[in-house]
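Asks: Listed below are the residues making up each chain.
Protein chains: 2
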Amino acid sequence: MKKIINHPENAVKEMLEGFAAAYPDSVEYLADHAVIKRKHLRKGKVAIISGGGSGHEPAHAGYVGEGMLDAAVAGEVFTSPAPDQILAAMKAVNTGAGVLLIIKNYSGDVMNFDMAAELAEMDGIPVETVIVNDDVAVEDSLFTTGRRGIAGTVFIHKIAGALAEKGASLSEIKQVCERAIERVRSMGMALSPCVIPTSGKPSFTIGETEMELGMGIHGEPGLEREPLQSAANIAEALAEAVLHEEIFQTGDELAVMINGLGATPMMELYIVNRTVQQLLKDKGFQVIKIFIGEYMTSLEMSGCSLTLFQVDEQLKELLLAPSDAPAFKC
Amino acid sequence: MKKIINHPENAVKEMLEGFAAAYPDSVEYLADHAVIKRKHLRKGKVAIISGGGSGHEPAHAGYVGEGMLDAAVAGEVFTSPAPDQILAAMKAVNTGAGVLLIIKNYSGDVMNFDMAAELAEMDGIPVETVIVNDDVAVEDSLFTTGRRGIAGTVFIHKIAGALAEKGASLSEIKQVCERAIERVRSMGMALSPCVIPTSGKPSFTIGETEMELGMGIHGEPGLEREPLQSAANIAEALAEAVLHEEIFQTGDELAVMINGLGATPMMELYIVNRTVQQLLKDKGFQVIKIFIGEYMTSLEMSGCSLTLFQVDEQLKELLLAPSDAPAFKC
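Chain order of the listed sequences is A and B. Start counting the first sequence at 1; every next residue gets the next number (full-length UniProt numbering). Start counting the second sequence at 1; every next residue gets the next number (full-length UniProt numbering).
In short, the hints are calculated from the structure, not lab data. Each hint should be verified, as a subset may be incorrect.
Because identical chains cannot be distinguished in the list, a pair is counted as satisfied if it fits within a single copy or across any two copies.
[As the list claims (entries may be wrong)] In silico BS3-like pairs for lysine-lysine, Cα to Cα no more than 25 Å straight-line:
1) Lys91 with Lys201
2) Lys39 with Lys329
3) Lys2 with Lys91
4) Lys283 with Lys316
5) Lys91 with Lys316
6) Lys45 with Lys316
7) Lys329 with Lys289
8) Lys329 with Lys166
9) Lys201 with Lys13
10) Lys43 with Lys329
11) Lys45 with Lys283
12) Lys45 with Lys2
13) Lys316 with Lys329
14) Lys289 with Lys2
15) Lys329 with Lys201
16) Lys13 with Lys289
17) Lys201 with Lys2
18) Lys166 with Lys43
19) Lys2 with Lys329
20) Lys281 with Lys39
Excised from the complex, chain A in its bound form (with noise of 0.2 Å):
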């Protein structure tokens, strides 16, 4: 294992401290329960919070900001969060207007954030949960009921925290992103697997001239395991899965995001949108706005993963709305 830490046991508060010491003017560290905040809070807006296993960096920290969360909640790698943890960054943001959560669809995720949500209820917070699950890779996964959730998470973020800037209410909130939740599907693929710090064993075996589509972004199997494409057939592969999907129309306008899971290099993922892009004209898609680089990653996974996001006036409007959270500044 070759990682740039100190003691593994270490890593995810390790990390959290120098993440608030990179920002110490807009976030706060909560260190007895792995939280990041908003050092400035504004009263009455409803808080955004969101979070999961560490591991996925620059999420979930690096989407704490104005226009997007209040809060990130990390849990040792590739783990939930525990509920205590996720009420102490409820209760450290909320208001009074209330907190959404918004959660990966991983079965650990929903049991301990719907659990904090309990707890939160009987402390008199409004709260209100989504489950974000865009990846078509698989149905009832290793960890997870149903579809699990992947990159397109940041997108529910930034609907969420854009909303709560125009000081919409906890339930028009939650509506809008449980439809925004409807319109974004990804799909990832990766070449070589990840390792945990505690572990110091790669997640997965895979040989030198095979990639994997549909790869969780865990390292939880996908679809198959093939010999290594090309860039073209990749970026197609992934672009066909997702618009398989009946909620793409032609016409639509989209939102792309071509995610980094590591340690791909920006300049493949450079590569593959090249195609992304040729095959979306093609196939008549209107696109509004193109986001390229790590947004979830999985350590030092090598391989990408494709999201899309048809938009109506509405989202598209909240999608490019300022934030200044250090990874999604617009």
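Add chain B to chain A, keeping to what the hints say.
Replies: Using the frame of chain A, we list chain B on its own:
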């Protein structure tokens, strides 16, 4: 070689196509010359151009945008662009106030950019050049006389771009950039090599428990090969090496960049930042801004670099001025 590419010979061309396709509202791709230029030029503004070998993405095209570069010229991977490419970029973005060329200090780049500058002057374009040499690791390395230019170059792009946007003259921008270059120093380290697409072979070999301090961004040899250290020791070694330069004095205001070389998880960069910030605080420096992410990479090399930039009031204002370059939004 496990990469998401098509034919290795086409990687740079297709990467630039994919980049241009990602930002159609703000950039244009001059395919004949491998140049990415701003779509909307402002008459009478000094044009700022940089570039160099490819493989350092998001450098240099990612820095094309309002408040930063007017054009980026791409060579093949780790190979300087030719003078005619650089000349074409100058002709494409000069609006009458002249052009500043920002060059990283490698012999090939310096020769080709200088030759292009001479050709442009013969065509009546006012040209100035500055050479960035921020890497304190080695003097007179492979490909370089003097110190190499690495991630600190991005700060110079920002200073030059912000000053040009304010309407400064070519000679004033050159002068301020030279002051900035005097105040920026970097050092990197690597855990693993990268693979140039057309060669298909790792740029060097390194043991499973080794790291190299002072490694260049093309895999050039560094200071020393040693057993893999903890993140804290690595951060200290980089910071000590950079701070050893006599330009840095207790009480100085610094901007900091923790740059990933391509395959390094953000988690590890945050952990490095934790120690760097502790150390700078202990030594009495005032950190005004921290940049963490991939700014000047080396394909899929694993490792990082630390850049410190000692700013005065003018440099601070320019560094923090707005930029809409895709890889440096602020």
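Asks: With 25 Å as the alpha-carbon cut-off, assign the pair Lys201 and Lys2 to within, between, both or neither.
Replies: both (11 Å within a copy, 20 Å between copies)
Asks: Indicate which option fits the pair Lys39, Lys329 if close means a Cα-Cα distance not exceeding 25 Å: within, between, both or neither.
Replies: Classified as both: same-chain Cα gap 17 Å, cross-chain 21 Å, threshold 25 Å.
Asks: Could you place Lys281 and Lys39 in one of the four classes (within, between, both, neither) given a Cα distance threshold of 25 Å?
Replies: between (42 Å within a copy, 21 Å between copies)
Asks: How would you classify Lys2 and Lys329 at a CA-CA limit of 25 Å: within, between, both, or neither?
Replies: neither (31 Å within a copy, 31 Å between copies)
Asks: When Cα atoms must be at most 25 Å apart, do Lys316 and Lys329 count as within-copy, between-copy, both, or neither?
Replies: both (16 Å within a copy, 20 Å between copies)
Asks: For Lys45 and Lys316, with the copy left unspecified, which applies at a CA distance of at most 25 Å: within, between, both, or neither?
Replies: Classified as within; 21 Å inside a copy, 33 Å across copies.
Asks: From the Cα coordinates, with 25 Å as the cut-off, is the pair Lys289 and Lys2 best called within, between, both, or neither?
Replies: Classified as neither; 36 Å inside a copy, 29 Å across copies.
Asks: For Lys329 vs Lys201, is the C-alpha pair at or below 25 Å within one copy, between two copies, both, or neither?
Replies: neither (35 Å within a copy, 37 Å between copies)
Asks: One pair to classify: Lys91 and Lys316, alpha carbons no more than 25 Å apart. Within, between, both, or neither?
Replies: neither (31 Å within a copy, 37 Å between copies)
Asks: Should Lys166 paired with Lys43 be assigned to within, between, both, or neither, using CA atoms and 25 Å as the limit?
Replies: within (13 Å within a copy, 37 Å between copies)
Asks: Evaluate Lys13 and Lys289 at a C-alpha cut-off of 25 Å and name the case that applies: within, between, both or neither.
Replies: between (35 Å within a copy, 22 Å between copies)
Asks: Tell me, please, which holds for Lys45 and Lys2 at an alpha-carbon limit of 25 Å: within, between, both or neither?
Replies: neither (44 Å within a copy, 47 Å between copies)
Hints 1, 3, 5, 11, 12, 14, 15 and 19, counting from the list given before, are not met by this structure.
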